[in-house]
Amino acid sequence: MLRFFLKHFVIRRIRHYRANGGGTEQFRVSCNFHPTCSEYAIQAIEKYGLWRGGWLTLKRLRRCNIRDQV
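Numbers -10 to 59, taken from the working numbering, label the letters of the sequence shown in order.
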């Protein structure tokens, strides 16, 4: 029950973040990935659960970089 609540609470927070402009509005950056990191986070949490999905999201966020890698 607690896992269900936490999982859906985190997903609601991510959707709220996206509804308020996401990284473009809040941090003045655009996402380098498709799907965006926030959409990936929702998908990962829904598929793998809060802890593993959260870990996968953190790994992806570490790869996100404003600098051009070329």
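Please keep in mind that the hints were generated in silico from the structure rather than gathered at the bench. The C-beta atom is built at its ideal place from N, Cα and C for all residues, glycine as well. Heads up, some of the hints might be wrong.
Simulated pairs of lysine-lysine, PhoX-like, Cα-Cα distance not exceeding 25 angstroms [what the hints assert, rightly or not]: (1) K36 <-> K(-4); (2) K48 <-> K36; (3) K48 <-> K(-4).
What follows is a set of in silico ranges between Cβ atoms, one per label pair, in the way DEER data are often shown [said to hold, decoys possible]: (4) R17 <-> W40: 15 to 23 angstroms; (5) Y37 <-> M(-10): 14 to 22 angstroms; (6) H5 <-> L47: 15 to 23 angstroms; (7) Q15 <-> E35: 32 to 40 angstroms; (8) R41 <-> Y6: 34 to 42 angstroms; (9) K48 <-> L(-5): 31 to 39 angstroms; (10) A8 <-> C53: 14 to 22 angstroms; (11) G10 <-> R52: 32 to 40 angstroms; (12) G12 <-> E35: 18 to 26 angstroms; (13) N21 <-> M(-10): 34 to 42 angstroms; (14) N21 <-> L(-9): 32 to 40 angstroms.
Evaluated hints:
Between K36 and K(-4) the alpha-carbon distance is near 11 angstroms, which keeps this suggested pair within the 25 angstroms criterion. The straight-line distance between the Cα atoms of K48 and K36 is roughly 16 angstroms, inside the 25 angstroms bound, and the hint therefore holds. Between the alpha carbons of K48 and K(-4) the distance comes to roughly 18 angstroms, so the proposed pair stays at or under 25 angstroms and holds. The hinted window of 15 to 23 angstroms between R17 and W40 is violated, with their beta carbons roughly 31 angstroms apart.
For the pair Y37 and M(-10), the supplied restraint of 14 to 22 angstroms holds, since their beta-carbon distance comes to about 19 angstroms. At roughly 19 angstroms, the beta carbons of H5 and L47 sit within the given window of 15 to 23 angstroms. Evaluation of the 32 to 40 angstroms hint for Q15 and E35 yields a failure: the beta carbon distance comes to about 23 angstroms. Judged by the Cβ atoms, the range 34 to 42 angstroms given for R41 and Y6 is violated: they are separated by roughly 21 angstroms.
The given range of 31 to 39 angstroms is broken by K48 and L(-5), whose C-beta atoms sit roughly 20 angstroms from each other. The supplied range of 14 to 22 angstroms is met by A8 and C53, whose beta-carbon atoms lie about 20 angstroms from each other. A hinted range of 32 to 40 angstroms for the beta carbons of G10 and R52 is inconsistent with their spacing of about 22 angstroms. The hinted window of 18 to 26 angstroms between G12 and E35 holds, with their beta carbons roughly 21 angstroms apart.
The hinted window of 34 to 42 angstroms between N21 and M(-10) holds, with their beta carbons roughly 37 angstroms apart. Taken as a hint, the range 32 to 40 angstroms holds for the pair N21 and L(-9), whose Cβ atoms sit roughly 34 angstroms apart.
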